[in-house]
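Engineer: The residues making up each chain are set out below.
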Amino acid sequence: MQAKRTVFPNKILPYLLLIPQLAVTLAFFIWPALQAVKSSFEREDPFGFKTTFVWFENYRRLFIDPLYLSSVGKTAIFAVSVTALSMSLSLILAVAVNRVLRTNRLYTTMLVWPYAVAPVVVGILWWFMFNPTIGIAPYMLRAVGVSWNHRVDGVDAMILVIIAASWKQISYNFLFFVAGLQSVPQSLIEAAAIDGAGPFKRFWTIVFPLLAPTTFFLLIVNINYAMFDTFGIIDATTQGGPAQATNTLVYKVYTDGFIGLNIGSSSAQSVVLMVIVIALTAIQFRYVERRIQY
Amino acid sequence: MIENRPVLAFLTHLVLIIGVVIVVFPVYIAFIASTHGSGDFMRGLVPLLPGPHMIENYSFMLNEGISSAGAPPLSIMLLNSLVMAISIAVGKIIISILSAYAIVFFKFPFRLLAFWIIFITLMLPVEVRIIPTFKVVSDLGMLNSYPGLIIPLIASATATFLFRQFFLTVPDELMEAARVDGAGPMKFFRDILLPLSRTNIAALFVILFIYGWVQYLWPLLVTTDSRYYTIVMGIKRLAATADSEPQWNFVMAAVMLAMLPPVLVVILMQRLFVKGLVETEK
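Which chain is which? The protein sequence lines are A and B, in order.
Numbering-wise (this note's numbering), the first sequence opens with residue 1 and increments by one.
Numbering-wise (this note's numbering), the second sequence opens with residue 1 and increments by one.
Calculated from the structure, these hints are not laboratory results.
A portion of the hints provided could be inaccurate.
Unchecked claim - Listed below are the simulated DSS-like cross-link pairs for lysine-lysine, each with C-alpha atoms no more than 25 Å apart in a straight line:
#, chain 1, residue 1, chain 2, residue 2
1, B, Lys275, B, Lys135
2, A, Lys11, B, Lys236
3, A, Lys50, B, Lys135
4, B, Lys135, A, Lys38
5, B, Lys107, B, Lys187
6, A, Lys50, A, Lys38
7, B, Lys107, A, Lys11
8, A, Lys4, B, Lys236
9, B, Lys107, A, Lys4
Unchecked claim - Computed from the model, here is a short list of chain B residues facing chain A with C-beta under 8 Å:
#, residue
10, Val7
11, Phe31
12, Met54
13, Glu56
14, Ile76
15, Leu78
16, Tyr101
17, Ala102
18, Lys107
19, Phe108
20, Ala114
21, Leu174
22, Pro262
Treat the numbers as computed from the prediction; the structure is a model and nothing was measured.
Ideal Cβ positions, reconstructed from N, Cα and C, are used throughout, including at glycine.
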């Protein structure tokens, strides 16, 4: 790994500088993670008196548990829909902002602030919008003959959490798409225009392919976001219900472990999630490394 | 702009205006709700125009809160959130800049190991280690305290990487000159590196302040004493009872107050915010 050509000769000082960061990391990240791995191989009796080592029993049960498998499916639907919806809306808005000259700062300001809204607050905002008794969205849906009740209908509940989670992520994707669009060389676009390509053709044949690195980066980040950062949204809107319809993997770890106190199963679920984050992070960093080379 | 197409220009603005409406509308509805009296939510539809009870609702929530829902006055929760967000941001910046300095400007055994230990934190979000982390904090006696809210969240791989990246761009000559002039490592750090890092620190502060403010799961786990509730987690308790007993006006007043500080930070420091966001995530 890279360091300076010339460095300070001190032998003790660097360790002192690293101590605070490493202490926090070891105490609150690495040690708990190891504990989670350890208890994923153990089973605790109902009174918590003794724990027995059960090898992969927790994992085996997990992967034949229909509730868990359904949660995997729900998480996949949720993550893919949030990523697709949020990224496509953001791309349209970013392209539009990139076309306007004088007012682009104003529009940008109006579009980026949801980044600062806490997920649980986002959940409450949309929960209020879609409240079956007084919400404005069900009222409008009723006018066109659609009945809405996310408290009993699993599909409605899923749509609600997808909309809320996508709304929050628009600002983030928008900013990265704008940054990506600004790095597309203007000369290429002008050359295409001289050759007679209209704005839509220019977008699809030049701009969109050149945005591929940004799009790929955002794809990973959005999947990561939908899987791990939407706990608050789900907790505020559906709490995994109705009938597990929106119980994502992260929410299930929390309810099984912290509320249900099924430590073995919850730990096994945590370990599965860790493997997913590690894979996503590895993909992201591999790609960033390559981007630097080019 | 390459060619002048009035229809396309019109469409562009239309798209943006629709986008802004989508983004703003839920918050508009929440704001409107926060200006009405409790009775206005019994009828079929939420009000769409401001009502006369704004000041009353907000001052009631700030000063008294809804004690039946176990929620203290919002002013206490706002203060807790502020303490938590600022401490997390400052703490993350301090420990990250120190470790980045150690990794870039010194050569020592286990340097690579230290780097990887810091890197691993990226892969262990609190959501995947809920119970064991809770147990560590409870064993250390940090439940229901500011240190318990703050310290477990201040390790930061992204901030360390950002500073590392920046330090690598600082010319070697600067350090050589400082050493020729007899400056030791801490003097070089304080008098040369810190001033050079000022914009990075400011940009990072904006992002990390927001990160600290929006924390939900962690305060939910470690605080059971309402004196330590942060506003973001306290709101959930208000909303949970509001369903049976519609006090939407109060819940939405709390929602507006919980959003206001970080949103203002983004709007007022937009340039730093964008810089911080784009650079920390790479």
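Engineer: For the pair supplied as a hint, A/Lys50 and B/Lys135, confirm whether the alpha-carbon distance does not exceed 25 Å.
Structural biologist: holds, 17 Å
Engineer: Just to be careful: measuring from the Cβ of B/Ala102 to every Cβ in chain A, is the smallest value less than 8 Å?
Structural biologist: Holds - the Cβ of B/Ala102 comes within 8 Å of chain A, reaching about 4 Å at its closest.
Engineer: Interface hint check: B/Lys107, Cβ to nearest Cβ on chain A, cutoff 8 Å. Holds or violated?
Structural biologist: Given a least distance of 5 Å, the restraint on B/Lys107 holds.
Engineer: Between B/Lys275 and B/Lys135, is the straight-line Cα distance small enough, at 25 Å or below?
Structural biologist: Roughly 37 Å separates the two Cα atoms, so the pair is violated.
Engineer: Would the pair B/Lys107 and A/Lys11 pass a check requiring their Cα atoms to be no farther apart than 25 Å?
Structural biologist: holds, 8 Å
Engineer: For the pair we were handed, A/Lys50 and A/Lys38, check the Cα-Cα distance against 25 Å.
Structural biologist: The hint holds at about 14 Å.
Engineer: For the hint on B/Met54, does the least C-beta distance to chain A fall short of 8 Å?
Structural biologist: Where the cut-off is 8 Å and the nearest Cβ of chain A is about 17 Å from B/Met54, the hint is violated.
Engineer: Hint validation: B/Phe31 versus chain A, beta carbon distance must be below 8 Å. Holds or violated?
Structural biologist: violated, 10 Å
Engineer: With 8 Å as the cut and Cβ atoms as the points, is B/Glu56 at the interface with chain A?
Structural biologist: Interface hint status for B/Glu56: violated (20 Å vs cutoff 8 Å).
Engineer: Return the status of the interface hint for B/Val7: holds when the least beta-carbon distance to chain A is below 8 Å, violated otherwise.
Structural biologist: violated, 11 Å
Engineer: Quick one, are B/Lys135 and A/Lys38 close enough, alpha carbons at most 25 Å?
Structural biologist: holds, 14 Å
Engineer: Please work out if B/Lys107 and B/Lys187 have their alpha carbons no farther apart than 25 Å.
Structural biologist: OK: B/Lys107 and B/Lys187 at ~18 Å, within 25 Å.
Checked against the numbered hints above, the structure violates hints 1, 2, 8, 10, 11, 12, 13, 14, 15, 21; every other hint is satisfied.
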